[in-house]
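Asks: This is what each chain is made of:
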Amino acid sequence: DTAVSQTPKYLVTQMGNDKSIKCEQNLGHDTMYWYKQDSKKFLKIMFSYNNKELIINETVPNRFSPKSPDKAHLNLHINSLELGDSAVYFCASSQDWGRAYGYTFGSGTRLTVV
Amino acid sequence: KNQVEQSPQSLIILEGKNCTLQCNYTVSPFSNLRWYKQDTGRGPVSLTIMTFSENTKSNGRYTATLDADTKQSSLHITASQLSDSASYICVVSANNAGNMLTFGGGTRLMVKP
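Chains A and B, in that order, are what the protein sequence lines are.
Using our numbering, the first residue of the first sequence is number 182, and each one after it goes up by one.
Using our numbering, the first residue of the second sequence is number 384, and each one after it goes up by one.
Quick caveat, the hints were computed from the structure, so don't treat them as lab data.
There's no promise every hint is true.
[Claimed, not checked] Partner residues are not named here, just some residues of chain A that face chain B (Cβ under 10 Å, in silico):
| hint | residue |
| --- | --- |
| 1 | Val-241 |
| 2 | Arg-244 |
| 3 | Ala-273 |
| 4 | Thr-285 |
Treat the numbers as computed from the prediction; the structure is a model and nothing was measured.
Quick reminder that beta carbons are idealized off the backbone N, C-alpha and C, glycines included.
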């Protein structure tokens, strides 16, 4: 029973393509997040959704668009992929926006743009 | 600007030995500090969470300490095992809207037989 699951685990695509990464959590959490882990292993927050509403957008290019059909799902769609988008993307969830506990990460999606 | 710095960047130790990883932060206002273990190709998994009033917290062979005055934390691993080989990430949460997390760059630990 995977708590936070992401698909695909690996994604290799050409520059200019449009791709999506899916995330689902079965923890009953209200808040979900997308993080980008760069080559230096720093995790940087991209988006946060609380009960299907966007609450954080950390100056991410508008080629990235999160979509949350319900509070258990937060998908990441990327348009016109660039080489610099190559990274590992992590989905996470927490009990709610204000709580410090319950943060759970998915296993990541390694995106390679060629 | 909120920052979290970890040292060393990488560490190699022999199986059975102890080690200590360091974390310095400038996150304000401080809410809590977490240590995560990230195995290669996996997402981070929480080891400990400490609030302002907690000085030490243990989770098996992992013991974390927190000095909120000097804004330093350490993670001590006792009697290391091969399975301890991973990246250890220090994460500090700010006590503001959204409890924004600031991640350190991690310490890459390799335990050799």
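Asks: All hints, please: hold or fail.
Replies: Now the hints, each set against the structure:
1. Val-241: Not OK, violated: Val-241(A) not within 10 Å of chain B, min 15 Å.
2. Arg-244: violated, 23 Å
3. Ala-273: At about 8 Å, which falls below the 10 Å cut-off, the nearest Cβ of chain B leaves the hint on Ala-273(A) intact, so it holds.
4. Thr-285: holds, 8 Å
Violated hints for the displayed structure, listed by number in ascending order: 1 and 2.
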